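Chain residues, written in single-letter form:
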Amino acid sequence: MVSVALKRFPDLLANLVMAALAALALLTIGQSGICHLGGWQAGLGIDLRLDGLSSLMLITINTIGLAMTVFSVQYMTRYTSKLRYYSIFLCMIAGLNGIVLTGDLFSLYIFMELVAIASYALVAFGCEHEELEAAFKYAVLGSVASAFILIGTALLYAMLGTLNMADMARGLAEGGMNLPLLFALALFLCGFGLKAALVPFHAWLPDAHPAAPAPVSAMLSGVVIEAAGIYVLIRLVFNVFTVQLVPDLLVILRMMGVVSMIVGGILMLGQWDMKRLLAYSSISQIGYIVVGLGLGTPLGLIGALFHLLNHSVFKSLLFLNAGALEYTTGSRDLRHLGGLGKSMPVTSSTSLVASMSISGIPPLNGFWSKLIIVLACIESGHPWLALAAVIVSLTTLAAVLKVQKHAFWDAAKAGLATFHEVPLLMRTAMLMLAALCFVLALLVLTGLRTPFLITPAVDALSAWGRNGPGCVMCGMGI
Amino acid sequence: MAYALCMVLIAIGLYGVVVKKNVVKIVISMAIIGYGINVLLVLIGYRMGGCAPILGQGITAASFAANAVDPLPQALILTAIMINLGMLILLVAICIRLYERYGTFDITEMRKLKG
Chain A
1169 MVSVALKRFP DLLANLVMAA LAALALLTIG QSGICHLGGW QAGLGIDLRL
1219 DGLSSLMLIT INTIGLAMTV FSVQYMTRYT SKLRYYSIFL CMIAGLNGIV
1269 LTGDLFSLYI FMELVAIASY ALVAFGCEHE ELEAAFKYAV LGSVASAFIL
1319 IGTALLYAML GTLNMADMAR GLAEGGMNLP LLFALALFLC GFGLKAALVP
1369 FHAWLPDAHP AAPAPVSAML SGVVIEAAGI YVLIRLVFNV FTVQLVPDLL
1419 VILRMMGVVS MIVGGILMLG QWDMKRLLAY SSISQIGYIV VGLGLGTPLG
1469 LIGALFHLLN HSVFKSLLFL NAGALEYTTG SRDLRHLGGL GKSMPVTSST
1519 SLVASMSISG IPPLNGFWSK LIIVLACIES GHPWLALAAV IVSLTTLAAV
1569 LKVQKHAFWD AAKAGLATFH EVPLLMRTAM LMLAALCFVL ALLVLTGLRT
1619 PFLITPAVDA LSAWGRNGPG CVMCGMGI
Chain B
12 MAYALCMVLI AIGLYGVVVK KNVVKIVISM AIIGYGINVL LVLIGYRMGG
62 CAPILGQGIT AASFAANAVD PLPQALILTA IMINLGMLIL LVAICIRLYE
112 RYGTFDITEM RKLKG
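Protein chains in written order, with our numbering: chain A, 1169 to 1646; chain B, 12 to 126.
The hints are simulated quantities; they were obtained by calculation from the structure and are not laboratory data.
Errors might be hidden in some of the hints.
Negatives, chain A to chain B, calculated, CB over 10 angstroms [to be verified]:
#1 A1188
#2 H1297
#3 S1311
#4 L1520
Here chain B is said to cover these stretches of chain A; the calculated rule only asks that three of the stretch's residues, wherever they fall, bring their Cβ under 8 angstroms from a Cβ of chain B [unchecked claim]:
#5 1285-1292
#6 1299-1306
#7 1550-1560
On a predicted model such as this, the values are computed, not experimentally measured, just so you know.
Ideal Cβ positions, reconstructed from N, Cα and C, are used throughout, including at glycine.
Given these sequences and hints, build the entire structure.
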C-alpha cells in the first residue's frame, strides 16, 4: 500500500501544482500591477510586472502545462525516472512564468536560461542516440543565442545605465537610437530569432522537438518557443525599442515571418516522421505570428497574439496525438502505421480537430486567428503576405491530412489492428485540449476586432510608451 | 582597446563553435564565449582608478558614488558564472553519454539525425 502511494506521489504533486498554477493564471485576467521584490524602491531592485500580455501568456503556459502533466502520468511510465522528469518539467514551468512576469532584462535572461537548461535536459531525457545528439545540437545553438542576448543586455546597460525595461524605454525615447544600440538590437533579433526558430535560425528545432518525450515536445513547440522567443521579441520590439525609433524593424520582422511561414510549410510536406512533420509546422505557424507582429497595426497584433494562443493549444494537442500513437504502436513513422481510426477513436478524432484547427477550417480557433492575420495583411496594404498566408494554410492542410490518412484512415497494415486506445488520463488530456480548440473560437464572438483576453494584451503593448513619444498605437484608432 | 580584446575573445569562441568537429572542443569554445562576455560586463562597470564598491564605515553615499566602480555588473557576472557553470556541466554530461553511445567525440560521425 505504502509503496503504491509513494509511487503515485510525484504524479499527484505535479498535477496539483499545475492545477493550482492554472487556476492562479486564470485569476490574473483583467488585473495589472507591479511588485517590487525585496522592498527596493522602483528602478533599483527587481520588479515583477503583470499586464494584459503577461496574463495572456500565463494562461497559455499554465493551462497547457496542466494538460501535459495529466498526460504524463501514464505516458511517462515508459521512461525510467518520473520523479526527475517532473522536477525538471516544473523547473521549466517556473522559468516560463518568470519570463513573462519579470520587468527587467537581466532577470529575464536568468529565467530564460532556466527554461533553456531544463529543456536541454528534457530533450536528452531518453538518453538514446537521437536524443543525445539532438540535445547537444539544441544546447550549443541555444547557448550561442543566450550569449548574443547577454551581450545585447550588456550593451544596453552600458548605453542606458538601467536594466529595468520601462526605464530603458524611457531612456531610448529621450536619447534616440545610436550605433551601439542598433548593434544590441541586432543581437537581440538573432538571439530571440534562434530561440523562436525563425527561419535562418531554425536548424535545431526539427531535431530537438521530436527527440523529447511527447508531453515535452508539446510544451517546447507549443509554449517554450513562444514564451522564450516570440513573447520577449514582442516586449522588446513594441515596449522597449519602439517602432518609431527603428522603422525598418517591422520590415525585418515581416520578411523573417513570411520566409519561416513558407519554408516551414514546404518542408513539412516531405516528412514521414509524424513529430518531425509537426516540428516543421511549428516553424511555419511561428511565421504567421511574426508576420502579424510585423504589420504593426492593432489588428495585426490581435491576430498574432490570438494565433499564439491558438497555436499553443492545437500544436500541443497534435504532439500528444503523436505521443499516443507512439505509446500504443511504438512507432511514429507514418509509413508503418495505418488503420488506427477504428481502434483509437479518441486519438483519431482529437487529431482531426487539431488538424482542422491548424489548417484553418471554420469554425475552429485556428481559422479565426488566421482570418484576422489575413485581414490585417490586406488592410495594411500587403496583399502578397495575405496570399502567402492562405497558400501556406493549404500546404499545412495537405500535410496534416497526410498524417490523418496514413495513421488513422488507411487500411490497417499487418499486425496493427489489435491495438487499443490509450489509457484514461491520456485521453482526458487530449479531450481537454480538443475542447479548448472549440472554446477559444468563441473568443471572436466578443468582437472580431476586440476579442476578450487578446485586446488587453494588445493594449499592454502600447501602455508603456503612452506617456512618451514612443507610443505605438498613437492615432491608429484602437 | 580592452573592449576590442573581449570582442576578439567572443569571436574566438564563436569560431571554435562553428569550425571544430570535436564535441569537447565545442564545449570549451562555449566556455570561452562565456568568459568573453563576463569580461565585457566587468569592463562596462569599471572606472579608471575606482575603488571597490563596498559601503564601509566613514564612506558617505556621495563619495561612494564619486569613487566606486559600478557594482551592478559585478552582481550580474556572479549570476552569469553560475548559469555558465550549469550549462557546462550539462554539456559535458551529454558529451560523456555521446561518447558512450558512439565511441567517438567527432561530431561528423554522429549521424542518426539528418537535416
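Status of the hints after comparison with the structure:
no.: 1; hint: A1188; verdict: holds, 27 angstroms
no.: 2; hint: H1297; verdict: violated, 5 angstroms
no.: 3; hint: S1311; verdict: violated, 6 angstroms
no.: 4; hint: L1520; verdict: holds, 28 angstroms
no.: 5; hint: 1285-1292; verdict: holds (count 4)
no.: 6; hint: 1299-1306; verdict: holds (count 6)
no.: 7; hint: 1550-1560; verdict: violated (count 0)
Violation of the numbered hints given earlier is confined to hints 2, 3 and 7; the remaining hints are satisfied by the structure.
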